[in-house]
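Chains as they are written, first to last, in the UniProt record's numbering: chain A, 1 to 176; chain B, 1 to 230; chain C, 1 to 392; chain D, 1 to 598.
It is worth saying that the hints were derived from the structure and are not from the lab.
A portion of the hints provided could be inaccurate.
Straight-line Cα separation of at most 27 angstroms, DSSO-like style, residue types lysine-lysine; simulated pairs [said to hold, decoys possible]:
#: 1; chain 1: C; residue 1: 60; chain 2: B; residue 2: 221
#: 2; chain 1: C; residue 1: 60; chain 2: A; residue 2: 21
#: 3; chain 1: D; residue 1: 280; chain 2: D; residue 2: 569
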Amino acid sequence: MRDIHALLKQRHRLGPLEPRKGGLAFVTVPRENLRGLLLELRDTHGFTHLVLLTAVDWMEDGLFQLTYMLNNRGRDLTLGIRVMIDREEAQGDTIHDMWPTAATYQRELKEMFGIDFPGSPRLDEEFILEGWTDLPPYRRDFDSLAYSQQTYAERPGRVTHDPREYMKSKLYPDGV
Amino acid sequence: MKDVDDKFLKNLDRTVPLREELRPRKVTTPDGQEIEIEPLKDYFCEAAPKVHAKSYFPIVEDFYNWARANSLWILGFGTGCGAIEMRPLMTPRFDAYRYGIQWRPTPRQSNLLMISGYLSVKTLKRAIRAYEQMQGPKYVVGLGSCTINGGMYWDSYNTIKRLDQYLPVDLYIAGCMPRPEALLAGFMELKKLIKAGKCEGANKYAENFATYKANQKSVIKDWDMPDYNW
Amino acid sequence: MFSFKPDRSQYPAPGPDGKLQIDLETGKYLKLWQGPNHPGITGNMSVELTVCGDEVVEGKTHVGYLHRGFEKLMERRTFIQVFPIVCRVCVPEPDFNEYCYAAAVEDLAGIEAPEYAQWMRTLILEMGRFNSYMMFLGGIGGALGLGITGQWMTYVRDLMLDRFEELTGARIYHMFILPGGVRGHLPEGFEGRMEEVLDTAERYLADIDRVMFSNSVFKTRTKGVGVIDPALFEPYGVTGPNARAGGVAKDLRKDSPYLVYDQLDFEVATATDSDIFARATVRRADVQTSIDLIRQILKKMPKTGPAMAKIPNVLHWKIPRGETYIKGECSRGEYGYYLVTDGTGYPRRINVRGPSYTHAMALLEHLIPGTNISDVAALMVSLHTYPPEIER
Amino acid sequence: MGLREVLTPFTVWKHVFDDPVTIKQPIGRPAAERYRGFHQNDLDTCIGCGTCEAICQNGAIDMVAVAGYDPEKGNSGLKPQIDYGRCCWCALCVDVCMTGSLTMSNEYTWVDTDPDAFRFVPGLEEPWKDDEEGYEREGKRVLSGIERIHMEEMEPEARIGNFDEIVAGYSRAEAILEADRCVECGLCVATCPAHMSIPDYIAAVRDQDYDRGLQLLYETNPFSEVCGRVCTHKCEGSCAALHEGDPIAIRWLKRHIIDEVPFDRRIELIGQPAEPTGRKVAIIGAGPAGLTAAFDLARAGHGVVVYEALAHAGGMMRYGIPEYRLPYDALDRDIGVIEAMGVEIRTNCRVGRDVTMDELRRDHDAVVLTIGLHMGRSTRVPGTEGAGVEKAVDLLRRITDGEKVPLAEQIVVIGGGNVAMDIARSMARLQKAEFGKVGITLTALEDIDHFLADPEEVVESREEGVKIFDARGPQEVMRDAEGKVTGLRTWRVKSIFDAEGRFAPAYDQSDERVHAGSMVIEAIGQAADTSLLGAALTEALEWNRGRIKIDTAFRTSEPWLFAAGDAVKGPDVISAVADGHRVARTVMEKLAAREVAQ
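Chain A with its partners taken away, still in its complex shape (with noise of 0.2 angstroms):
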């Protein structure tokens, strides 16, 4: 893998290596690098599997990360490619000519982050929810549980003791 990340550090202005166990391995590359990247890899380096295509919000930073996972199988390798990208006006560049299966991804990445790629087929169609009018739901800023608890009823009549609040109550009411 250093060979590899050596031989493109130059070419596609590569961040630093993050080398995990087992052949894997994390590096960054600025978006405008990311399409001679990963053809290269693909076409030079064998790295022909797209195990997945995936985002991070990094939601204090203003930033989603686009995680592009690629697999050389021969030699076992694993790279994470990261591409930063402005959380505001969030877009990526379409893969999906290199691998068609990412259509699927970019699908989905357009419906539950609000990521758009210009180009890729079918993205505006729904994929997973249907009639979704909220905040993208796997954005940091939409709260799962709040969500549900005013849409969707509950039933009634739970009530719980915190044990601490429950004993001073008990034994010490005045607190001391």
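Start from chain A and add chains B, C and D according to the hints.
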């Protein structure tokens, strides 16, 4: 477990427009005629369900109930995980058929809808349609925690918590998921209830139709079907 | 052979680009929904078919009927609280979720599961794989109207569920593989009872060979149908038995050995035709591999030893910032968990990579056009997809 | 397609004559022995710590009050109620249960038409309550640590020759590991006399937020240096973790926080007291109760003067507890913080000698009496009068003052409390320095299992060479013809209390023993020296069995006089601190209500 974000408010402004092909419009038929269609009205009967009156003679009603109890035909619609435990019942090991229970592929042939666990909103819509298409008298059994109070998806944005808000439930079976043996016990209990004339779910649905519809529509935002289809 | 040759003479003329111009209002095409409530669908999903005559000209997979928002729910739960819900991601083979999640947490937290736990996990995964293949072999027969395979295989699977029950304490959702190890040890006399099950299974599988794989009807309906061109394997992310049926011996148990697979002796089954029949035979051979592996594991695994590594107090377990991807070969292909942590007590993001995701969406949609309506069910089953892991 | 392929499938018809695999009676078929079925709970073992509720990712568990189970020490009396509309049978609640009371049966059939019925308190009346089979966790709990992190201590050989502090204190890494074991149930809070927010400050250690930790400590206790070392730590006796393993080292963690925050930073973190109110309070006795009250009153902006008869402030914390347990500089830091709040401490100022009660009453809006117990009690057995018999508190005070105390090569100590251990171990150190060897015999009425001293004190005493004879009742101090002490004669104790629970030791006279020694030290209890009150006030006050009578709010029968601490209640530092808070609160209420106006 993370605390709920008190500041989060769900979006109430946005509505989902009706899909193109369901809107009333003019179309040209293959033979060149121009006609107006309104898909949601044209293809369905909109009459609300009616309460099914009991027979005047109790002995006749008892006979009906006996017959109903001994032919529980289950709609083979696996709405959630619990469906996987129904499969063994269809095989010789547990052999539910000996109790007069069998699975049918379409709602028209079934009188028992098993809601096998959680219902996502998307499936709830189909479950409602399936239920309404079933012939009365019909029964609903809720499997597992999810149908009772949300189960482990109690904080999910996409699953309902109380099944009885949306469909009339006759019986609940505890478990996550209930074993085949527990399901059989549930069926036996259901038979007893039917024989005793206590399974009035379909009539309850007809009586409280407006409430059920309101509840259903509060969670299904793209309501693109008629109010009642049978 | 009687292969499907549609009569396209009555079809509307294709557009200038040679593609079909599907205009429903011409009356030539028909939308046909297969699912979600349909006997010819695997689980709760649907395929929207556009047919012309009995040829399917377009197919779109619709999922989301089982969507519970797992990846969101996991972000709300502490690291131990995620453990009970991961197995629900895939109902027929839940154990892979438990393993991948546990291994991912262990990787980021710097914990090593004890040796006994590693063996136990391998055993559980193989038992789960066996069960999953039982579902497949029952399903593929059922999809072609051969009901008896479903009856037999469900029975054998049930026997294995009994073993699961006595080992893990549950039938379907075992919740046995905790981050840090496994929950317990083998019960007394487990090996003997397992051997009985495996014997029974082998007897039934021999019958399956006779009734299904040697059956002229089955052969005729599956050979040469639903062929996946091996050139599509990489672009469409095809892994597991689907790829092995096309001659590519992709198997993570060999390619990237995890747990104790490097200490086990087995061969990867492959076939060449890449059609429905080949995919079924590969899985049939894989069942045998699993049976052998279970026997080997029970023989080789340590008799005692700690089942759990020392883990921090789970009530406030924090894991330093990092990301990892843990993969394994499930019965359908590459199953993986991508875990990102941010130093708090909650995962920042978990992404589940299920093989069904690529197989049932992009691949199926690519394979469907040009098939006969009656083959769609078998084609879908032959890809061996489980809807809950697609939408999670 | 050959004929063979058409015919082969028919060969399976041979199974027509096989026995059916159908289960004859599937309903109620017993599940596997380990099956995770419906919950069971042994209500008598359950302590209601709520850990099951905390770990349940489904929010399925509520802690509810159940008739017949009331809160007590280390037991909230609450019981888990499980909602089977939520449960997923993952059994994490069983695995995490601190006592092992929560288990699962292998029962699995429950059908009902009422969805609200699936909510129950396991252990009350469910049919599977007493089922034997079902899921129980294998071995002890693994989801939270069982073993306490070892605390570095000096070896007996190294510590016996000097008065250096024995316990080293946790390092940061050790403290984090120990704090990690806490499950934050909060059962300890009720047990702590001062109700310190223990789970919160342990969480602060875990988060390495010592500033927050220190603020939490000072909310309830200005003597964290002291209590972090010598507290009787009753909290640890009610810790949920002790049911299957060691309790959390709450005391050491408290000490760890205070160790990590430098002195100046402490004052900064606590912040300045409130604006002066112009009210003045006099406190008699600079012990833990008095100084705590002084701290609280000063924080509220009242002027506080503490009158201390001895040369240094600290009371029994300084003059009763030996230096190897509580170094004086640690105590000085705690007192320093209190002084920094504007408390004036007048040492060497004995009320009744240097200033009178009447003067105090005249000059202040209220007077708080926290004089402690500084007079040693005597067994009054024959021979205790005269040289060679000493009282433990006197000796401890003199050791602290640096005086030369009487010493002998063989000493007999009477008493089984912490004071007895303190004097025995202090004398042992002096003996080691003087004679090079230890010769201490300790006799106590109680048997070793019911010693009043902390168990670790007993262990450490023995390590240091103190010979302990339990269940011995002193009968006579033996003296030779010249009147020199030669030993102590004791009988074996049969019982200490009579049937009504009154103190009335019964002896087995046949089991007599003489413990040789040329010096006897009595450490059987102390009394308050109330002579400072003066005759008139003594007459005016109401008394209760030799102690000044106080009400629940620490008011004496005189409206301007309050009393707290060991002198009226007891028995340890943390109780005195708690009393200090309470009396300060009462005084402030009174000041606010202007009821104490002259």
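Cross-check of the supplied hints:
With a C-alpha separation of about 23 angstroms, the suggested pairing of residue 60 of chain C with residue 221 of chain B holds against the 27 angstroms cut-off. Our distance criterion of 27 angstroms between C-alpha atoms is broken by residue 60 of chain C and residue 21 of chain A, whose separation comes to about 39 angstroms. As the CA atoms of residue 280 of chain D and residue 569 of chain D are separated by approximately 25 angstroms, the hinted pair is consistent with the 27 angstroms bound.
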